[in-house]
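Student: Based on the hints, put chain B in the right spot on chain A.
If you're matching them up, the sequences are chains A and B in order.
The numbering of the first sequence is the numbering used here, which starts it at 1 and goes up by one.
The numbering of the second sequence is the numbering used here, which starts it at 1001 and goes up by one.
Don't take each hint at face value.
[What the hints assert, rightly or not] Negatives, chain A to chain B, calculated, CB over 10 Å: (1) D61; (2) R64; (3) G98; (4) R182; (5) N235.
[Stated by the list, open to error] The calculated label-pair distances, taken between Cβ atoms and stated as ranges, are: (6) D1202/B to R270/A: 29 to 39 Å; (7) V82/A to G1116/B: 34 to 44 Å; (8) G1095/B to R270/A: 40 to 50 Å; (9) G1095/B to A31/A: 49 to 59 Å; (10) L258/A to A1153/B: 47 to 57 Å; (11) A1142/B to R270/A: 23 to 33 Å; (12) D1202/B to L258/A: 43 to 53 Å.
Hints are computed from structural coordinates only; laboratory data are not their basis.
Computed from a predicted structure; not experimentally measured.
Yeah, the Cβ is synthetic: ideal placement off N, Cα and C, and Gly gets one too.
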Amino acid sequence: MSAAGAVAALPARPRRSARSRLVAWGSVLIAAGLVVFAWLNIHGSFAELVHGMFSAKGMPDIIRRSWPPRTNVLGQSLRDSVVTFSTAILGTFLSVIGGLALVPFASRNLAPSRVIYEAVRLFLAFTRAIDSLIFALLFVVAVGLGPFSGMLALAVHGTGIIGKLYAEAIEEMDMAPIDALRVSGASRTQIFLHAVLPAITPTFTGLTLYRFDVNFRSSLVLGLVGAGGIGFDINQSMELFQYREVFTELLVVLVWVLVIERVSAVLRERLGA
Amino acid sequence: MALVGHEVRGLDGLGDDARAVGAPLRIEGLRMRFAADGPEVLRGVDLGVGRGEIVAVLGANGCGKSTMLRCAIRLLDPTGGQILLGGRDVASLDGHELRAARRRAAVVFQNIALVGRKSAFENVCLGGIGALGLRRSFHASAFPAELRGRAAAALARVGLVEKAWQHASTLSGGQAQRVAIARAVCQEPSIILADEPVSALDPRAAEDVLALLASLAHDDGLGVLVVLHQPELALAHADRVVGMVAGEIAFDRPPSEVSAEDVAALYAGQDDAREAA
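Isolated chain A (complex conformation):
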């Protein structure tokens, strides 16, 4: 039989109901309305955008004053970028520890009871809802200026995110090996160690590397509120209108981001994550 014959034999395609068409068009209109509403609320102005990007005192002036990059701050930028890197490493490490400790209670299929599950999920939602920048402001007050505050902020906020991502990965995993160990009399901890972790390690690794990537960029921003690192240098240079220094510092950041992205991609590929 020809392909055309097979198509011709199909029954007529059912028409969408008037209600579902109304819902679809209604959704598009609501989304468009939200965009307009948001634009009006931020006092968006195309005229200001064009003026800022192209007038002599706008972006072209900043670019002109950024060239050439100032090399005498390169050494300091590199040293401070290592601090930023270390902040991200420790922040990620502690959030992985926190996430792993909480995930057996935050996954619907492993939690010992519904009450515990809801309580842990609420805690994770709380730490996730408050941005690391806010946590950094709090920790700067509590433990003082510097990268230690930034690391703590990343750890607390990251625990909420990593805990949720890990828990969702566990909820989607094949339950058969878990059931097999459960009916053999294994304890919850043994099941987690020998059935859950091995199955979920590639996913966990991928999520952790992604989170580290995000944390490195977040720790730049945390420098702006006094949490140290190269973000702090960028903030100072900006405040003093030292755009040539800013350019050098941004180049250092760019190299770090490219290296981290590349290493992360290679690791994920090798681990099958």
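Tutor: Only chain B this time, still in chain A's reference frame:
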């Protein structure tokens, strides 16, 4: 009804081993309902499995075979009746006592349920970790020599020593199911409960797996309760064949006494039900 005339013997028809108080598994008056206002899936099932005996359960989809098996190890909580594993009623147990009772019954699943990223040998070891404390079971390198020896022997028992260090995810379906049986053996149970263990296997591998289960019963003295969809395998390997229809035992006899009509009656009405669906 197709069942009229079938002999329903329940516990009265069993051998001495299955009737004995110390039999690996005795199910008495088992009832199960998934929702309070839903239909009863198990309606007073009586069944026993003795030492050195392999019992095959046949029946159409939805007749309650797998539900009975899952109730037997408390993966499901029955709504009535007793399940005696080694003489202890598992329905009344919880926590450590339930874990200890579960160790007496090993389960072989239809979907094999190995940890794909672990080797065949490590998977077999996992059958025995339930009896260990956390310190000895924290990592495979901490497993005691006795467990490792038992796992090696179990792997040899299923003829897969040469596959010991191969990742479970790279084994064929038949090999993986034999590893799952080795894991069950390593648990040192008094009974193996197998839920459609050959559904995903080709006929040759299915035959091998059933022969292995029969050998574990006859040569190693384990009780084996196996749920099957292959009457020919049940008739060839089982000591008793149990037919289930609509949550009840329709017959329970030696294979030599099971006729083609008995088997056909188990699946009668399936085509009508499928049409209606």
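Student: Once the closest CB in chain B is found, is it more than 10 Å from N235/A?
Tutor: With a cut-off of 10 Å, N235/A remains clear of chain B, as the shortest Cβ separation is near 45 Å.
Student: Go ahead and decide if the range 49 to 59 Å is satisfied by the Cβ distance of G1095/B to A31/A.
Tutor: Distance hint for G1095/B, A31/A holds at roughly 52 Å.
Student: Are V82/A and G1116/B spaced within 34 to 44 Å by their CB atoms?
Tutor: Since V82/A and G1116/B have Cβ atoms about 39 Å apart, the given range 34 to 44 Å holds.
Student: R64/A: least C-beta distance to chain B exceeds 10 Å?
Tutor: Its Cβ never comes within 10 Å of chain B, the nearest being 56 Å, so this holds.
Student: Given the range 47 to 57 Å, decide if the beta-carbon distance of L258/A to A1153/B lies inside it.
Tutor: holds, 54 Å
Student: Going by Cβ atoms, does D61/A stay more than 10 Å from chain B at every point?
Tutor: Non-interface label stands for D61/A: nearest chain B Cβ at 57 Å, farther than 10 Å.
Student: May I ask you to test the hint 29 to 39 Å on the CB atoms belonging to D1202/B and R270/A?
Tutor: holds, 34 Å
Student: Can you tell me whether the CB distance of G1095/B to R270/A sits inside 40 to 50 Å?
Tutor: holds, 42 Å
Student: A cut-off of 10 Å on Cβ-Cβ distance, and G98/A was said to be off the interface with chain B. Does that hold?
Tutor: Check passes; 20 Å lies beyond 10 Å.
Student: For D1202/B and L258/A, compare the CB-CB distance with the range 43 to 53 Å and indicate the outcome.
Tutor: holds, 51 Å
Student: So is R182/A really clear of chain B, every C-beta pair being over 10 Å apart?
Tutor: violated, 8 Å
Student: Starting from the hint 23 to 33 Å, judge whether the C-beta atoms of A1142/B and R270/A obey it.
Tutor: holds, 27 Å
Of the numbered hints listed earlier, the single one contradicted by the structure is hint 4.
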